[in-house]
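Each protein sequence line maps, in turn, to chains R and V.
Per this note's numbering, the first sequence starts with residue 8, numbered consecutively.
Per this note's numbering, the second sequence starts with residue 11, numbered consecutively.
Be aware that one or more of the hints could be misleading.
[To be verified] According to the in silico footprint, chain V covers these stretches of chain R (three or more CB under 8 Å from chain V):
1. 45-58
2. 61-69
3. 136-146
4. 185-197
[Unchecked claim] Here are the simulated lysine-lysine pairs, PhoX-like style, with alpha carbons at most 20 Å apart:
5. V:Lys-319 <-> V:Lys-301
6. R:Lys-93 <-> R:Lys-132
7. V:Lys-301 <-> V:Lys-250
8. V:Lys-326 <-> V:Lys-301
9. V:Lys-250 <-> V:Lys-319
10. V:Lys-378 <-> R:Lys-163
11. V:Lys-27 <-> R:Lys-132
12. V:Lys-251 <-> V:Lys-301
13. R:Lys-93 <-> V:Lys-378
14. R:Lys-158 <-> V:Lys-251
15. V:Lys-378 <-> V:Lys-281
16. V:Lys-250 <-> V:Lys-354
Simulated from the structure, these hints should not be mistaken for laboratory data.
All residues carry an ideal CB built from backbone N, CA and C; glycine is no exception.
Listed below are the residues making up each chain.
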Amino acid sequence: MTEPATPYTAGKSATPDASVALRARIPGWGVDLDPKDRPSFPREQPGIATGAHWKFPDRQPEEQPRERSIEHAMLTPVFGTSAPLKGASGAIRRYAYRRYSEGRAAHWLLLIAADRVDAWENHLKSFATLRPDNPLTETGIGSEFSGNGLKSRTGKRVDVNHSWMDPVIVAGPWVLAGVGAVAVLRTLRGRR
Amino acid sequence: MRAMVYRGPYKIRVEEKDIPKIEHPNDAIIRVTTGAICGSDLHLYHGMMPDTRVGTTFGHEFVGVVHQVGSSVQNLIPGDRVMVPFNVYCGSCWFCARGLYSNCHNVNPNATAVGGIYGYSHTCGGYDGGQAEFVRVPFADVGPSRIPDWMDEEDAVLLTDALPTGYFGAQLGDIVEGDTVVVFGAGPVGLFAAKSAWLMGAGRVIVIDHLDYRLEKARSFAHAETFNFAEYDDIVVHLKKETDYLGADVVIDAVGAEADGNFLQHVTASKLKLQGGSPVALNWAIDSVRKGGTVSVVGAYGPIFSAVKFGDAVNKGLTLRMNQCPVKRQWPRLFEHIRNGYLKPSDLVTHRIPLEHIAEGYHLFSAKLDNIVKPLIISTTA
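One chain only, chain R, in its complex shape (with noise of 0.2 Å):
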């Protein structure tokens, strides 16, 4: 009796010869078959030769306060140092850090918080520099003029339906601050 055309067998429906033809119209294909000879297997694979000529890595000097998780015994022996805590956004951040670990939620939310915090600090600071933000060109903008902005949102995209939303998020902000700063500007005139 012919097995019915269901895939509700135990059999694949796999052609013999798939293999040969898919060797001839991919080139390598199949050249990592043994599943045991990838680079990565096992996963875990004691006693790889990293280049490593220390037990423990020297300790980077501590040069101010680095703030760290508290789920690590101590400050790890090497860290980054790009931006160090400043302002209030440093002291959510450094809050945030002393207490909660990374399993809860408020860590996390506290260190976004803290980021759009960090963003309008540093944009009200910018004002009292000679190179203000400017957020024509370091929104880059301009390639929607030079990267065919128009064709390229054509077609089937699905993030054309949130599209719309895009400039809000990113404009809105400083049109708020703008109305925000005419209001307390015409506050002030009219106490005079």
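Let chain R serve as the given structure and place chain V on it in line with the hints.
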């Protein structure tokens, strides 16, 4: 030196910064000749990754020339042309000693759940990245390798993350001969994963995306079948039909935190930052793999919880495998494949952008303009 500097979500500029200095005896300072923007840089750019501080320089894909070395560096000398894996790692901790370089315990004080990554927020250690003229490279005897004379610089820069990560994604799938492999995401990592699936003996490779020009690349570069999920009411049902109603043997999520395709997930994750990522692609992967199959995740997700369909994964008996790629473990094999002509990573490069114009580069990549697949950053001093 000139360096890209983050100014807040969707805003970056190029500034004058101090050339980084040796801060540890095994540091090297590298003069960057070619860098790249990675899809996962966009999560930083969009403000998705916690503790991304204003003033930091992004960029974890870069190659360059050794400019200066610390007192304990033995394997490199100034003038060497090197490629640097995106992982910062010590080579000696419990994890590194077993080859889990991306999980190093000695380089990231800010978190224990992730290792160190160049230019990838303080959550990943607070290191400045390589979208600059110079970069500090810790553990110079461990991470970087000299670029072989025969290797093209643009192939080398793609070996610092995109290619090894795609190849690793296919490895995590534990592909066996004849398997049907579905890859979500036709960005560089997804395209490399699709290509690598063939090397491991896949019988059928299907790539899913919503951008036609990337799907065209999946067909021409990775020999894959493609489906644009925007054309289907329910891509999961379509994939079931395509796979004899059983599901794929292996599904690779090469999308990560900002998946499109579900408005609610996208808004709560990408826009409101209330999830560690929009897990649309991951949920589709869980739904479209067969029972007992394997889901491999190499798309980047943040540390906050995400609404993942874990119950389905349990009930289907799935194997879920994931990690940041331990890049240097992949290199010897990938060097061989490039030499043999099985892989030509630089074929994916579509844009070469001078460092001074990097803000435009980020916008192009973020908004997916001009058929962009992989942008490289060319240093002004290169």
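Quick rundown of the hints versus the structure:
1. 45-58: holds (count 12)
2. 61-69: holds (count 7)
3. 136-146: holds (count 6)
4. 185-197: Answer violated; 0 residues pass the 8 Å Cβ test.
5. V:Lys-319 <-> V:Lys-301: holds (14 Å)
6. R:Lys-93 <-> R:Lys-132: holds (13 Å)
7. V:Lys-301 <-> V:Lys-250: holds (12 Å)
8. V:Lys-326 <-> V:Lys-301: holds (5 Å)
9. V:Lys-250 <-> V:Lys-319: holds (18 Å)
10. V:Lys-378 <-> R:Lys-163: holds (13 Å)
11. V:Lys-27 <-> R:Lys-132: With a Cα-Cα distance of about 18 Å, the restraint between Lys-27 (chain V) and Lys-132 (chain R) holds, given a limit of 20 Å.
12. V:Lys-251 <-> V:Lys-301: holds (15 Å)
13. R:Lys-93 <-> V:Lys-378: violated (35 Å)
14. R:Lys-158 <-> V:Lys-251: violated (33 Å)
15. V:Lys-378 <-> V:Lys-281: Between Lys-378 (chain V) and Lys-281 (chain V) the Cα gap is close to 18 Å, so the pair holds against 20 Å.
16. V:Lys-250 <-> V:Lys-354: Violated, at about 32 Å.
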